[in-house]
Amino acid sequence: MADNKQPPPGPFDVRTVRELVELMDKFDLSEVDLNDGGQRIRLRRGGRLVAATPALLTTPALATAVPSTNSQPAPPPSAPARKLLEIKSELVGTFYAKPAPDKEDYVKVGSRVSPDTVVCKVEAMKIFNDITAKCAGTIAEVCVQNGQFVEFDQVLFRVEPS
Amino acid sequence: MFQRVLIANRGEIALRVIRACRDLGVGVVAVYSTADRGAPWLALADEAVCIGSGPASESYLKVPRSIAAAEKTNVDALHPGYGFLSENADFAEMCRECNIEFIGPPHDAMRKLGNKNEAKKIARQAKVPLVPGSEGLISTEDEALKVARQIGYPVLIKAAAGGGGRGMRVARNDHSLVAGFQSARQEAEAAFKDGSVFLEKYLEQPRHIEVQLLGDQHGNVIHLFERDCSLQRRHQKLVEESPAPNLPSRTRDDMCKAAVRLARAAGYYSAGTCEFLVDRQNNFYFIEVNSRIQVEHPVTELVTGIDLVREQIKIAAGEKLKFRQGDVVQRGSAIECRINAEDPANNFQPSAGTITRWQAPGGPGVRLDTHAVAGYRVPPNYDSLVAKLLVHQPTRSEAIAVMRRALGEFFIEGIKTTVPIHQKIFSTSAFVDGQVDTTFIERVFFGQSTAEPGK
Numbered sequence: 409m410a411d412n413k414q415p416p417p418g419p420f421d422v423r424t425v426r427e428l429v430e431l432m433d434k435f436d437l438s439e440v441d442l443n444d445g446g447q448r449i450r451l452r453r454g455g456r457l458v459a460a461t462p463a464l465l466t467t468p469a470l471a472t473a474v475p476s477t478n479s480q481p482a483p484p485p486s487a488p489a490r491k492l493l494e495i496k497s498e499l500v501g502t503f504y505a506k507p508a509p510d511k512e513d514y515v516k517v518g519s520r521v522s523p524d525t526v527v528c529k530v531e532a533m534k535i536f537n538d539i540t541a542k543c544a545g546t547i548a549e550v551c552v553q554n555g556q557f558v559e560f561d562q563v564l565f566r567v568e569p570s
Numbered sequence: 013m014f015q016r017v018l019i020a021n022r023g024e025i026a027l028r029v030i031r032a033c034r035d036l037g038v039g040v041v042a043v044y045s046t047a048d049r050g051a052p053w054l055a056l057a058d059e060a061v062c063i064g065s066g067p068a069s070e071s072y073l074k075v076p077r078s079i080a081a082a083e084k085t086n087v088d089a090l091h092p093g094y095g096f097l098s099e100n101a102d103f104a105e106m107c108r109e110c111n112i113e114f115i116g117p118p119h120d121a122m123r124k125l126g127n128k129n130e131a132k133k134i135a136r137q138a139k140v141p142l143v144p145g146s147e148g149l150i151s152t153e154d155e156a157l158k159v160a161r162q163i164g165y166p167v168l169i170k171a172a173a174g175g176g177g178r179g180m181r182v183a184r185n186d187h188s189l190v191a192g193f194q195s196a197r198q199e200a201e202a203a204f205k206d207g208s209v210f211l212e213k214y215l216e217q218p219r220h221i222e223v224q225l226l227g228d229q230h231g232n233v234i235h236l237f238e239r240d241c242s243l244q245r246r247h248q249k250l251v252e253e254s255p256a257p258n259l260p261s262r263t264r265d266d267m268c269k270a271a272v273r274l275a276r277a278a279g280y281y282s283a284g285t286c287e288f289l290v291d292r293q294n295n296f297y298f299i300e301v302n303s304r305i306q307v308e309h310p311v312t313e314l315v316t317g318i319d320l321v322r323e324q325i326k327i328a329a330g331e332k333l334k335f336r337q338g339d340v341v342q343r344g345s346a347i348e349c350r351i352n353a354e355d356p357a358n359n360f361q362p363s364a365g366t367i368t369r370w371q372a373p374g375g376p377g378v379r380l381d382t383h384a385v386a387g388y389r390v391p392p393n394y395d396s397l398v399a400k401l402l403v404h405q406p407t408r409s410e411a412i413a414v415m416r417r418a419l420g421e422f423f424i425e426g427i428k429t430t431v432p433i434h435q436k437i438f439s440t441s442a443f444v445d446g447q448v449d450t451t452f453i454e455r456v457f458f459g460q461s462t463a464e465p466g467k
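Chains as they are written, first to last, in the working numbering: chain R, 409 to 570; chain Z, 13 to 467.
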């Protein structure tokens, strides 16, 4: 699991979470609940759909990162224009931009995201699945509308990498 | 009738179902994996939804994806095709619970027939003959001798935990039974840590003949005669035909009636197939029921003139069969060749890649069911079937002549295909004479003896 060249990942390391999610998918597990002292990590999947519990996974450094107000930062002059990253749908279902009808959107153009930031929900078979960014940067484009039907691999957001 | 049907499959059969839906004036939604993105049949659907990545386990086999796609696209029924989720009773039940009609048999019947012991039980009830054998496990030599004499030599000694020919022995007399019994037990013990064995009658060079069934939701069950699928390589069918050559009409009649009894006993409706092994004395024995539309269904469509996929959809929508048993006639002779992206010169290795030339045969008596076109890339992720070449003629010898002509007109480049082995088959006198059995390909083309297990 641990790469030789890197320090062993702690239980709340993003790599660990990603590996857990992959293992859950591989072995078709619906729930993983780990306790380590006062810390706890709990991953659940509805049907076969992956849903991480993001609040527990967010590291303080990332959570307190100052959101960038500049939605279109100029690329570094020496490097060629950086390609935007894509956040794609992992499922087939209905796209929801906000956690509840009366709440704000999870993210907007200009929002800073880290790999574990929840950016939207996709509902399939009455199960709401959190979709995380899986990359770090600033939302440059929201490609689908609230309530829209999305298919697997459809681009939901474009992200300016940080 | 349904408004819109989702097809939870790909390739040739997805296209076949799209066509049936078009004929019925029903809307079609296709699903696809990222490996099939841009595939030619998808453009023929009203809508196409990507449901996952290339590996089938991540897309075509993923139950929630197909159901979510069906719910979101407002279809009222789902056609599973063959393979993938087509014989998954839980999937069928889940579709129906979501108010999406599964175009197939009742899930209870699928479940029963999908279980070998349960299926045998139903066959016994319906007085459908099974391969004779020991009722249970055999633990002593004396018991083995008694059972073997009762069912008659040759017998097959099979490990209960076995598979893949391991722990299997053929015995032709008391002497070889005693020797085979001991070594089969030892081999099974070593391989599976379980030395239990049972005995079954060994069928020498059996034929594989199956009966096509059609039943509606109002209790009508009929058969559409048989298909001979004996030409196989490693249990993969290569050629199928109807009628089965050199089959006494009495045997045909008995088999078809037996299949109908079994379907009735299982409470079956929709299309289905009852498979039998037939020995050299034309005794037939039930193997299993395939509770789906089969690859080779067009063979039956040609000889009976009945569109099986269209009937499946109408039956699922609750319609009654429009014809009775007496209306179904087996007319002429139909043969199908499976054209696979495989290299027959290289141990039938799969041959994925881009088709650079595709010149398809045609003319009188030829039907070609295919999703392939020039420029199509055969993905490595799925089965290798690229086309089903069918002919229909008044007689078998005319059908063979037309098949030879059609194979000679078929030019495929960029991938290797099974066309050359079909050309060999259709110029082999034993095949032309209808002397076929399940060992034919290995015996005639690969110079193997009848490949008895354990030898």
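What the hints contain is simulated information worked out from the structure, not anything from laboratory work. Mixed in with the good hints there might be a few duds.
[Said to hold, decoys possible] Computed footprint of chain R on chain Z, listed as stretches where at least three residues anywhere in the stretch have a Cβ under 8 Å from a Cβ of chain R:
no.	segment
1	53–65
2	81–88
[Claimed, not checked] Partial list, computed: chain Z residues near chain R (C-beta under 8 Å):
no.	residue
3	46
4	76
5	77
C-beta atoms are modelled at their ideal positions from N, C-alpha and C, and glycine is treated no differently.
Against the structure shown, which of the earlier numbered hints fail to hold, in ascending order?
-> Of the numbered hints given earlier, the structure breaks none, since each of them holds.
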